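Number of protein chains: 2
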Amino acid sequence: MLLVQKYGGSSVGSPERIRAVAKRVANARRRGHDLVVVVSAMGDTTDDLTTLASLVTGRERPQDEHPREMDMLLTAGERIAAALLTMAIREQGFEARSFTGSQAAIITDTNHTAARIREVKAGRVREALDDGCIAIVAGFQGVSTEREITTLGRGGSDTTAVALAAALKADACEIYTDVDGVYTADPRRVPGARVIRTLTHAEMMEMAANGAQVMHGRAVDIGDRFGVDIRVLSSFVDDDAADEGAPRGTLITHRTQAMEELVLTGVAPKGGQAKLVLRGLAPGMRTQTVLLEALAENGVSVDMVNESFGGDGRMQIQLTVPEEAASRAEEVLRAALEPLGGGEIAAQTGLSRIALVGNGMTGRPGVYAKAYRALLDAGVEVQGVSTSSISITVLVPAERETEAVQALHGAFRLEQTGAADGVAER
Amino acid sequence: MLLVQKYGGSSVGSPERIRAVAKRVANARRRGHDLVVVVSAMGDTTDDLTTLASLVTGRERPQDEHPREMDMLLTAGERIAAALLTMAIREQGFEARSFTGSQAAIITDTNHTAARIREVKAGRVREALDDGCIAIVAGFQGVSTEREITTLGRGGSDTTAVALAAALKADACEIYTDVDGVYTADPRRVPGARVIRTLTHAEMMEMAANGAQVMHGRAVDIGDRFGVDIRVLSSFVDDDAADEGAPRGTLITHRTQAMEELVLTGVAPKGGQAKLVLRGLAPGMRTQTVLLEALAENGVSVDMVNESFGGDGRMQIQLTVPEEAASRAEEVLRAALEPLGGGEIAAQTGLSRIALVGNGMTGRPGVYAKAYRALLDAGVEVQGVSTSSISITVLVPAERETEAVQALHGAFRLEQTGAADGVAER
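Chains as they are written, first to last, in the working numbering: chain A, 48 to 473; chain B, 48 to 473.
A hint or two may mislead.
Computed spacing ranges between beta-carbons, pair by pair [claimed, not checked]:
id: 1; chain 1: A; residue 1: Ala393; chain 2: B; residue 2: Asp177; range: 51 to 59 Å
id: 2; chain 1: A; residue 1: Tyr415; chain 2: B; residue 2: Arg194; range: 55 to 63 Å
id: 3; chain 1: B; residue 1: Arg194; chain 2: A; residue 2: Ser348; range: 35 to 43 Å
id: 4; chain 1: A; residue 1: Thr192; chain 2: B; residue 2: Asp225; range: 39 to 47 Å
If you are wondering where the hints come from, they were derived from the structure by calculation, not from laboratory data.
Keep in mind that this is a model prediction, so the values were computed, not measured.
Heads up, the beta-carbon is just placed ideally off N, CA and C, and yes, glycines get one too.
Based on the provided sequences and hints, a complete structural model is requested.
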């Protein structure tokens with residue numbers, strides 16, 4: 048079986064942790080697996096290097112002015128971790144070889160600091176596997192079509208791992224992190240929160256888009272498109288139980304045979320939201336288009352757009368933006384509204400969005416009602432709502448976020464095993 | 048004019064130092080020069096990374112067990128420094144691009160941790176120069192003929208700089224360090240020691256081989272073979288005087304038109320030596336060959352070999368080895384002597400070798416005599432001597448090293464300007 052494993056920064060945060068990871072890799076090798084291991088930079092390395100760049104340049108965000116050089120700088124972090132982990136694995140008595148993103152031929156576009164993967168060639172990784180070696184690949188990095196060193200931006204190492212698993216047609220992709228898996232809700236805030244045993248890629252993307260930090264939606268998207276099963280699990284627990292059929296973290300998979308049984312997977316809150324309500328607008332597609340274009344041109348990302356019509360035939364638009372972009376967005380919209388015939392704008396900050404995620408939600412009666420009832424009983428006022436095929440997202444005051452999450456978690460009985468699993472247990 | 052500049056680890060040891068180097072580079076650019084800048088890892092980075100590797104592997108010398116991975120690890124240091132320096136130069140308003148050893152196409156053999164340069168292609172460095180960019184190259188590193196990342200070992204960044212200067216046919220190569228240039232002797236120990244204004248490559252190699260740390264002989268050797276003039280100077284002094292004809296560091300050059308006038312360039316001591324005297328040996332080439340082969344096979348490097356014959360027709364061999372290898376060498380020699388008919392071995396540790404370096408020494412009467420007279424007057428007993436065309440090396444007790452250096456420095460009046468310059472002032 049060909050396994051791609053990825054270890055995050057906290058998993059390799061110290062020499063001792065690196066040795067622990069090496070033992071885990073060696074154990075998987077002893078079980079007979081071929082292995083490709085993707086590794087992030089140790090602990091705070093990336094932050095430390097960014098600070099160094101700030102001190103050298105006198106800029107708070109050196110990446111804005113020096114994107115190419117920031118990529119050259121930051122990729123050193125994963126290179127260091129890859130080399131050290133390779134040594135530690137060799138000390139376990141197994142042959143291993145480290146590769147940079149360039150050497151692994153992770154080909155990206157030329158968009159420094161946030162490059163997108165175009166193609167994964169991985170010729171030397173395949174050679175290493177053919178030679179019976181464990182291949183260690185520096186995460187988060189690639190080489191552009193212009194032969195420049197690039198980084199993949201947020202979720203980069205997860206993305207490297209899943210893309211490699213897709214390219215190598217690996218049997219599984221394991222994402223090791225510092226938590227036990229993907230939770231139904233944040234366990235620090237919701238006492239009954241549980242690890243989700245199985246969910247679909249779409250559900251995971253919805254969870255990630257709504258603030259679940261454990262895995263980046265971008266990597267899940269690649270897994271979705273190439274049919275890569277992804278297992279999220281902790282590198283901090285002993286892995287001796289691995290062969291004994293004990294539950295191990297969260298499996299993200301396409302195999303959704305028992306979907307109809309089930310409703311909700313998890314509850315994911317995301318704070319720092321603002322709501323803008325535009326009233327008295329000239330109706331018609333042109334208004335919305337011009338307004339959304341104005342926001343896009345000014346770098347404001349928009350979420351949860353609703354439109355409605357008042358009794359006077361004028362249009363109303365409601366949208367959410369990140370809180371820190373609220374005043375900028377208001378300014379941009381005001382300017383854009385003028386040639387459109389004007390309108391009022393009201394802004395409200397201090398909001399959180401809470402997503403209820405679950406495949407099979409569409410067309411299922413009572414989900415909406417149950418959610419609203421739970422929030423009403425908890426005294427949480429809903430400030431807005433939007434839906435997708437696999438989620439309902441409500442906007443609530445940020446100070447009521449925890450009560451809202453707990454209320455929803457309880458109402459859908461997510462604390463009970465089985466209720467939260469998007470697919471049947473295997 | 049195309050200039051290659053190299054900055055050592057202490058020259059880029061902090062964000063402030065990097066900014067200072069960037070200003071120096073920018074000044075050279077303002078003077079109209081095209082520039083390639085080679086940079087070492089910041090301050091203690093290489094030591095810190097080696098310590099990390101020791102902690103991960105539990106080995107004192109991880110490079111012995113994991114040479115490929117140590118190269119992957121350590122090259123991150125120069126990559127970081129190159130990226131940061133490039134940002135700092137860009138902040139000065141000049142276009143700059145950093146390159147790793149691979150990107151600069153410094154092609155080496157496959158000998159990890161101590162690779163030799165086979166060829167410098169530097170295609171992307173040329174492109175950058177053609178685009179009007181300052182090219183920053185990570186020193187100490189290359190890419191092997193097997194596409195592996197390699198390091199050049201000791202003196203690696205100097206070697207990168209001189210090799211690039213040779214490949215690009217640069218007009219000059221400047222090595223910036225934390226001292227003012229190459230001294231006639233260590234100024235901390237010899238009060239009259241002066242910066243040598245000019246010397247030949249051969250003289251510099253002799254100085255370096257005898258412990259002058261400021262520049263590695265290997266880089267000088269490349270400069271010698273490709274006719275690259277090398278200037279050694281301090282990055283810690285203001286460079287405003289640069290265009291005013293003031294003396295600037297030490298120039299290492301082939302232009303030796305006034306050679307016959309001059310005798311001695313400098314005095315370089317090197318401690319930690321041991322002397323082995325083998326007596327009563329069967330005479331003949333075979334004895335020496337077998338003994339030297341035995342030492343080589345056991346990794347003992349030998350220096351200053353002398354042979355002589357006693358009245359009984361038996362041969363005597365005297366050789367020096369690094370002090371820490373003395374007991375191992377004695378053991379190896381004892382075993383090797385047995386099938387050769389035996390012999391006695393006497394070892395003496397606690398010695399230093401002191402080289403008097405100067406082109407034009409050969410055939411010049413009185414140099415030897417003057418050196419011995421100076422040492423005799425200072426009460427330093429000479430334990431051995433060897434010569435080359437441009438040096439005399441004496442072996443003295445380590446505790447008398449400073450007196451010996453001072454005595455020789457004084458006897459040859461190296462404290463006087465002009466006396467120590469291997470070529471005419473320009």
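Hints and how they fare:
no. : hint                               : verdict
1   : A:Ala393 with B:Asp177: 51 to 59 Å : 57 Å, holds
2   : A:Tyr415 with B:Arg194: 55 to 63 Å : 59 Å, holds
3   : B:Arg194 with A:Ser348: 35 to 43 Å : 41 Å, holds
4   : A:Thr192 with B:Asp225: 39 to 47 Å : 42 Å, holds
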